[in-house]
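> Next come the chains, spelled out residue by residue.
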Amino acid sequence: MQDEPAPEELIRAVADFLRNDIAPVISGHDAFKLRVSINALDLVTRQLTLEQASDSAEKARLEELLGRQGSLGELNRMLADRLAKGEVDLQTPGLTEHLWQTTMDKLAVDQPNYASYKRELGRKGS
Amino acid sequence: MIEVELGRCVAAWYPGAIGVANSVRLSGGASQETWSFDIVHPDGDIGAILRRAPSGYGAAPERAAGLAAEAALMQRAYEAGVPSPRVLHVLQPQDELGTGFIMSRVEGETIPRKILRDERFAQARPKLARQLGKVLADIHRLALPQLPELRRMTAAKEIAELERDYRSFNRPRPVFELALRWLCDHDPGSPHETTLVHGDFRHGNLIIGPEGLRAVLDWELAHVGDPMEDLGWICVNSWRFGEIDKPVGGLGTREELFAGYEKAGRRVDPARVKFWEVMGTLRWGVMCCGMMQRFRNGPEHSIERAMIGRRSSETEIDLLRLLAPRGE
Chain A
1 MQDEPAPEEL IRAVADFLRN DIAPVISGHD AFKLRVSINA LDLVTRQLTL EQASDSAEKA
61 RLEELLGRQG SLGELNRMLA DRLAKGEVDL QTPGLTEHLW QTTMDKLAVD QPNYASYKRE
121 LGRKGS
Chain B
1 MIEVELGRCV AAWYPGAIGV ANSVRLSGGA SQETWSFDIV HPDGDIGAIL RRAPSGYGAA
61 PERAAGLAAE AALMQRAYEA GVPSPRVLHV LQPQDELGTG FIMSRVEGET IPRKILRDER
121 FAQARPKLAR QLGKVLADIH RLALPQLPEL RRMTAAKEIA ELERDYRSFN RPRPVFELAL
181 RWLCDHDPGS PHETTLVHGD FRHGNLIIGP EGLRAVLDWE LAHVGDPMED LGWICVNSWR
241 FGEIDKPVGG LGTREELFAG YEKAGRRVDP ARVKFWEVMG TLRWGVMCCG MMQRFRNGPE
301 HSIERAMIGR RSSETEIDLL RLLAPRGE
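Heads up: the sequence lines are chains A and B, in that order.
Here the working numbering is used: the first residue of the first sequence is 1, the next is one more, and so on.
Here the working numbering is used: the first residue of the second sequence is 1, the next is one more, and so on.
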């Protein structure tokens, strides 16, 4: 077992330092790149915090939907193949909900401020 | 220093020009550059833009129309009254500047967030969706025989290209599969008329002033195809920058865009526009994945590119909103 602080705590500390102490004294293209870098660190923190729960829920949904066991990668490949062949589609029970939930979980990590995501988050049942 | 070659070049065709100044490189990768500079003239300086592929970088990527075609298209558009920079000079071998062209510099704004939020564009914003419709109609009316040779594209070819690019990434994305399948099932076939298609008519390629649209830029992706493609592409959610209830670049409604287009004497087919909006959303998603590939495999290791890879999920939620919308 590794010692503390945990990776997400370390990354958050680095991101806060860059945001609060470095960003105000940088300008021009470097300021833009710094902002992108801070966004990347924030994204990594969200992923470290959220990924485990969303991955295991996604895996459970896929196994139910496909009637098969496998790794998350294998199951996604199987679903992709079946969609491509037309063997499953939006009429397949559970598919629409699965795609929505999986996509919402990705946005929660990638771009929680994206307007479409915020709109969908505000709907009942999400 | 590029100013030496530019000065010599400009003196050869601009009467009275005595040199160039203030040259600044604006953007571009290794194969294509954009420079801004001033032509120094006793009657007052003239702002100009150079777009060029330096010598040794002649080969255009497969989708690109090429700089010579771009110059010809821009010139035709300008003559036909489409807001456009004027082409001043097409580079010749003796210019020693590579291939490309020089055009007049149009002042104005291309940054979407400024156009959508700044007070100085408050008068222009309510008019722009309609105006963009009119300008697209004017572009689609340009007579094909007077244009340079361009790729001919169909919906089926576009789907095949997207599918090939997506499969080359070798990473399963069920939402993209759903979209590809939907596109195949809803391919509207040949349009009743094929026209010039700008191919990248959206924020970033439109120069806006406080009074409205000043210039359409970047004809790099121009081709011949279904005119409804341009109307669908400008409605892709990725160009709304948060103003998601204003489909036309965050500026206005589809109805305003269509009204401007039809008032200029051309017909809109809303079902085809929706088809191309889905295609465009998927295309931007695939392009984001391509950025991630270039980050991982390319020499530049750019954090911006890496983070654009993480925007592909934005197009997935937009595809679901289009193809499997949830209730209110």
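Be aware that a few hints might be false.
Here are the simulated lysine-lysine pairs, DSS-like style, with alpha carbons at most 25 angstroms apart [stated by the list, open to error]:
hint	chain 1	residue 1	chain 2	residue 2
1	B	Lys263	B	Lys157
2	B	Lys134	A	Lys118
3	B	Lys127	B	Lys246
4	B	Lys114	B	Lys127
5	A	Lys85	B	Lys134
6	B	Lys274	B	Lys134
7	A	Lys33	B	Lys114
8	B	Lys114	B	Lys263
9	A	Lys85	B	Lys157
10	B	Lys274	B	Lys127
11	B	Lys246	B	Lys263
12	B	Lys246	B	Lys157
13	A	Lys59	A	Lys33
14	B	Lys274	A	Lys118
15	B	Lys157	A	Lys118
16	B	Lys263	B	Lys274
17	B	Lys263	B	Lys127
18	B	Lys114	B	Lys134
Here are a few chain A residues that sit away from chain B, every Cβ distance over 12 angstroms (derived from the structure) [what the hints assert, rightly or not]:
hint	residue
19	Leu10
20	Ile22
21	Leu48
22	Ala53
23	Asp55
24	Ala57
25	Gly67
26	Glu74
27	Leu75
28	Asp81
29	Lys85
30	Gln111
31	Ala115
32	Glu120
Since the hints were made in silico from the structure, they are not lab data.
Heads up, the beta-carbon is just placed ideally off N, CA and C, and yes, glycines get one too.
> Look at each hint and say if it fits the structure.
Structure-based check of each hint:
1. Straight-line distance between C-alpha atoms of lysine 263 of chain B and lysine 157 of chain B comes to about 31 angstroms, which puts the hinted pair past the 25 angstroms bound.
2. Of the supplied pair hints, the one linking lysine 134 of chain B and lysine 118 of chain A is violated, its CA atoms being roughly 33 angstroms apart against a limit of 25 angstroms.
3. Proximity of lysine 127 of chain B to lysine 246 of chain B is assessed by CA-CA distance (about 13 angstroms); at most 25 angstroms being required, the pair is judged to hold.
4. Distance restraint check for lysine 114 of chain B and lysine 127 of chain B: the Cα-Cα separation of roughly 16 angstroms lies within the 25 angstroms cut-off, and the hinted pair is therefore satisfied.
5. Taking the CA atoms of lysine 85 of chain A and lysine 134 of chain B, the gap is near 41 angstroms; set against the 25 angstroms cutoff, the hint is violated.
6. Annotation: proposed proximity of lysine 274 of chain B to lysine 134 of chain B holds, straight-line Cα distance about 19 angstroms (limit 25 angstroms).
7. Between the alpha carbons of lysine 33 of chain A and lysine 114 of chain B the distance comes to roughly 19 angstroms, so the proposed pair stays at or under 25 angstroms and holds.
8. The straight-line distance between the Cα atoms of lysine 114 of chain B and lysine 263 of chain B is roughly 29 angstroms, outside the 25 angstroms bound, and the hint therefore fails.
9. A hinted pair counts as satisfied when its Cα atoms are at most 25 angstroms apart, and lysine 85 of chain A with lysine 157 of chain B qualifies at roughly 19 angstroms.
10. Distance hint between lysine 274 of chain B and lysine 127 of chain B is fulfilled; the C-alpha atoms sit about 22 angstroms from each other, no more than 25 angstroms.
11. A C-alpha spacing of about 20 angstroms is found between lysine 246 of chain B and lysine 263 of chain B, which places the hinted pair at or below 25 angstroms, so the restraint holds.
12. Simply put, lysine 246 of chain B and lysine 157 of chain B have alpha-carbon atoms about 30 angstroms apart, too far for the 25 angstroms limit, and the pair is violated.
13. Restraint check: the Cα-Cα separation between lysine 59 of chain A and lysine 33 of chain A comes to about 35 angstroms, which exceeds 25 angstroms; the hinted pair is violated.
14. The suggested pairing of lysine 274 of chain B with lysine 118 of chain A holds, with an alpha-carbon distance near 23 angstroms, which does not exceed 25 angstroms.
15. Distance restraint check for lysine 157 of chain B and lysine 118 of chain A: the Cα-Cα separation of roughly 35 angstroms exceeds the 25 angstroms cut-off, and the hinted pair is therefore not satisfied.
16. Among the hinted pairs, lysine 263 of chain B with lysine 274 of chain B is consistent with the structure: their alpha-carbon atoms are about 20 angstroms apart, no more than 25 angstroms.
17. The straight-line distance between the Cα atoms of lysine 263 of chain B and lysine 127 of chain B is roughly 14 angstroms, inside the 25 angstroms bound, and the hint therefore holds.
18. Restraint check: the Cα-Cα separation between lysine 114 of chain B and lysine 134 of chain B comes to about 23 angstroms, which is no more than 25 angstroms; the hinted pair holds.
19. Remark: the non-interface label on leucine 10 of chain A is consistent with the geometry, its nearest Cβ contact in chain B lying 19 angstroms away (cut-off 12 angstroms).
20. With a cut of 12 angstroms on Cβ distances, isoleucine 22 of chain A stays outside the contact zone with chain B, its closest approach being about 15 angstroms.
21. For leucine 48 of chain A, the requirement that its beta carbon stay farther than 12 angstroms from each beta carbon of chain B is met, with the minimum near 15 angstroms.
22. For alanine 53 of chain A, the condition that its CB be more than 12 angstroms from all CB atoms of chain B holds, with the nearest at approximately 17 angstroms.
23. Here aspartate 55 of chain A stays apart from chain B, with its beta-carbon at least about 15 angstroms from theirs, past the 12 angstroms limit.
24. The Cβ of alanine 57 of chain A lies farther than 12 angstroms from every Cβ of chain B, with a closest approach of about 15 angstroms, so its non-interface assignment holds.
25. Its beta-carbon lying about 16 angstroms from the closest one in chain B, glycine 67 of chain A satisfies the requirement of being farther than 12 angstroms from that chain.
26. Against chain B, the non-interface label of glutamate 74 of chain A is violated: not every CB pair exceeds 12 angstroms, the least being about 9 angstroms.
27. Chain B draws leucine 75 of chain A into its interface by the beta-carbon criterion, the shortest separation being 9 angstroms against a cut-off of 12 angstroms.
28. Interface exclusion of aspartate 81 of chain A from chain B breaks down, the closest Cβ pair being 8 angstroms apart, not more than 12 angstroms.
29. In this structure lysine 85 of chain A is not separated from chain B by more than 12 angstroms, as the shortest Cβ-Cβ distance comes to only about 9 angstroms.
30. Its beta-carbon lying about 6 angstroms from the closest one in chain B, glutamine 111 of chain A breaks the requirement of being farther than 12 angstroms from that chain.
31. A Cβ of chain B approaches the Cβ of alanine 115 of chain A within 12 angstroms, the least distance being about 5 angstroms, so the stated non-interface status is violated.
32. Annotated as non-interface, glutamate 120 of chain A brings its C-beta within 12 angstroms of a C-beta of chain B; the closest such distance is 7 angstroms.
Checked against the numbered hints above, the structure breaks hints 1, 2, 5, 8, 12, 13, 15, 26, 27, 28, 29, 30, 31 and 32 and satisfies the rest.
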